[in-house]
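Student: Since chain A is already given, all that's left is putting chains B and C on it; use the hints.
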Amino acid sequence: MKEQIIQAKNLCFSYKNEDGKPLPVIKNLTFSIERGSFVSILGHNGSGKSTLAKLLNLVLTPDSGELSVGGIDVMRDDLSEEDIYNLRRRIGMVFQNPDNQLVATIVEEDIAFGPENLGIEPDEIRKRVDDALAAVNMTEFARHSPSQLSGGQKQRIAIAGIIAMLPDCIIFDESTAMLDPIGRAEVMETIERLNRERGITVLHITHYMDEAVRADRVMVVDHGEILLDGTPGEVFSHVEQLKAAGLDVPQVTALVHKLKTEAGFDLPDTILHSADAVEALRALYDQIGG
Amino acid sequence: MMEHTPKISLENVTYRYSIGTPFEKAALQNVTLGFEGGIITGLMGHTGSGKSTIAQLLNGLLRPTEGTVRIDGQDIWEDPKKIGAVRFRVGLVFQYPEYQLFEETVARDIAYGPHNMGLDDDEIRRRVEEAARFTGITPDIFEKSPFELSGGQKRRVAIAGVMAMDPEILVLDEPAAGLDPKGRAEILGGIRAYQREKKNTIIIISHSMEDMALYADKLMVLDHGRVSRYGDAHEVFSHAEELKSVGLSRPQITKFVMELARAGVPVNGGIYSVEDAYKEVLRVFAEKKKGAK
Amino acid sequence: MLRDITLGQYFPGNSVLHRLDPRMKIFLIVIYIVTIFTANTPVSFALVLASAFVLLFLSRIPAKLVLGGLKAVFIIMAFTAVINIFWTTGEELWLEAGPIKIYREGVEYAIFMIVRVVALIVGSSVLLTYTTSPIALTDGLERVLAPLKVLHVPVHEFSMMMTIALRFIPTLIEETDKIISAQKARGTDFTAGSLAQRARALIPIMVPLFVSAFHRADELAVAMECRCYRGGEGRTRMTRLHLHARDFVVLGAHIVLLAAVIALNIIF
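Protein chains in written order, with my numbering: chain A, 202 to 491; chain B, 1373 to 1665; chain C, 80 to 347.
Chain A extracted, bound-state conformation (with noise of 0.2 Å):
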């Protein structure tokens, strides 16, 4: 068996509302990911899958259940600030607003702030400046401001700032939810490639079926429980059961779907990508008369 970098059981977590009532967000989550693997929470507004990225990095405490980020126990109440310190190294956010996230008004000064807080030796940081640049290719734009640059570039920005400090594993918390199409796909295939060449383990909350279907596994959140857990093809088998939860299917997943259930066509369950839906239905439509 892999080893889990993240283990999660009975999580629960309320926010306080005006008059002092708890309300709970997070509902007895209990889920554990595997390192190396990529993840997609998906889940719709509110649904409590920030809330959930934020407990995983410590920027919010659970109120009680048991939690483990890379081996460390966080809910042990010994937890030294050097232990929350070491996690937010390993376990490296990426937040929705690419504006609200970068510190320096140079790029590569940007990227150098994550390493620059670990202390580390200036010759060492140089080195992973230049190779977070190249990971995210922006090594052009190292001397650039910020403010010149495209959201999905700030964006890139943001995750070589993460990259810099060698991180196990980054959580996107609907990093791609501001972006136009150009955008997304560049982050989307940035983070790909960092999971499939860096073997960096990657959770990428997000409210687009286009990207969840990426990943290895899909967890559907809703109301703060966990409604699906599988991989994509599994989880998107359930048109229903995403639809009430307010969120959509891919539209070849939703056709596939419809022919099977309304017209009785003979495909299987877990079509996700259109080049597999073609080649069923070819198939089906080369059998007629057959």
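Any given hint could turn out to be false.
Derived EDC-like pairs: lysine to aspartate or glutamate, alpha-carbon spacing no greater than 16 Å straight-line [unchecked claim]:
#: 1; chain 1: B; residue 1: 1627; chain 2: A; residue 2: 480
#: 2; chain 1: B; residue 1: 1554; chain 2: A; residue 2: 480
#: 3; chain 1: B; residue 1: 1627; chain 2: B; residue 2: 1607
#: 4; chain 1: B; residue 1: 1516; chain 2: A; residue 2: 480
#: 5; chain 1: A; residue 1: 217; chain 2: B; residue 2: 1520
#: 6; chain 1: B; residue 1: 1627; chain 2: B; residue 2: 1582
#: 7; chain 1: B; residue 1: 1453; chain 2: C; residue 2: 268
#: 8; chain 1: B; residue 1: 1651; chain 2: A; residue 2: 463
Note that these hints are calculated values from the structure, not bench results.
Tutor: Relative to the frame of chain A, chains B and C by itself:
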């Protein structure tokens, strides 16, 4: 190039910003386009195609460096002093408009535009209620502070604030950006219901082909400040390859139907919804079955 | 529009001045200002003015851009010059028309004052603001002031605040532009009415701007914590500053300039 008489149009419009500084740049170069009255037009193009500049030119927030902007054939800059009146005729909802909220209560924020128009209190109240209905804002949040609301609710309040001005022409820049599928459907559905009742002219700027295929009557595709395609969804999506080169993503289903046709299943292109694809597949299968018998 | 503001903006480049050590530049600007205010004879003023233009030339920054920055202070300069010309009394009367008396000294003062301001703006902007990235500047300041840490002066915190402020200025300018446009589209009129009405028209701008700035601050703080920021303690820096030969050459030139100005003051 357009046969219809446009409700609002740009004629040979060039817009340059930062004139006289080293950063001078043309955002639009000699653009001519017109929007039909009484329908929803989806204006699409990649980032940097000048869509947002066009929006601000249409309601007189920006003045063309060269060229003319016309409403019902009338040059809106004929008397620059009267440009304020143009802004009441052409409503403009910016991208992420929730940042414009400032009043103490939701109702007062929606009423801000109508109030500036000098309407009486009864009329303002009527308009606030009407705009709230179209955007799905329930009266129980009228007296809440807009800052207590969720992101999606703030967006609705901001859109309602411009709808309440009851403009002849309403321009919305990416009204559903960043929302989840349910939120998108509610906002865009509300805009459509509003247009159907008011019969006014609506221009929605978007780069989501899926959304525009569903909610707009006509689509206009911009490429380098030129109208590269104009027509209903079926016409525009028949040229799906072209959309890709303009930097727009085609709906997955459109691509799928094209691939299916290429693989030898004789479906027709120009399809952009699951429903239509479903019907088309059934039609093709039924025809072959008939032929086989 | 707000985004047209160029005064005090960094202009990326690779000239000698761009490559100087920021600490040295801070030191040089002090010498330069001393030089400007030491000059008090026409020849030394000419030298100061010439040196400003030599710096401008060395920076490779379009003269139009730098001189354009003078426009902002033109009215103040003109006003002060007029006051100097008409109100300074002296020994050599040049022109007398009714109550107006213009003395040589008045004209001289006016010219000197203009030269001083021009040299100050051109010199400091090409030496510092245009050629030093804001981050290098704050970095330089942090290091120059580092000894003050012993006295518990929050040097790191100050420089961090500067850096963040600089980072967010373009963002907030853009945002202000956007909010103004959005409220104009809702019929806000900033130009009509009494002073009180105009002031009230600013509320729809200021409230969203503050709300947004606080929101950004919140998000940025979380993002910084996630990147392991915990103050200046134990923090290293990627860029190590080294003084190069060019730093000393330029320093030498400045000292020679100051010496020359002093000498000229004495000789003439």
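Student: None of the hints should be skipped; say for each whether it holds.
Tutor: How the hints compare with the structure:
Using a Cα cut-off of 16 Å, the hinted pair residue 1627/B and residue 480/A holds, with the two alpha carbons roughly 14 Å apart. For a cut-off of 16 Å, the pair hint linking residue 1554/B to residue 480/A is broken: about 31 Å separates their Cα positions. Taking the CA atoms of residue 1627/B and residue 1607/B, the gap is about 15 Å. The hint holds against a cut of 16 Å. A hinted pair counts as satisfied when its Cα atoms are at most 16 Å apart, and residue 1516/B with residue 480/A does not qualify at roughly 54 Å.
Annotation: proposed proximity of residue 217/A to residue 1520/B holds, straight-line Cα distance about 14 Å (limit 16 Å). For the given pair, residue 1627/B sits about 12 Å from residue 1582/B by alpha-carbon distance, which is consistent with the 16 Å threshold. Among the hinted pairs, residue 1453/B with residue 268/C is consistent with the structure: their alpha-carbon atoms are about 12 Å apart, no more than 16 Å. Simply put, residue 1651/B and residue 463/A have alpha-carbon atoms about 11 Å apart, close enough for the 16 Å limit, and the pair holds.
This entry does not satisfy hints 2, 4, going by the numbered hints stated previously.
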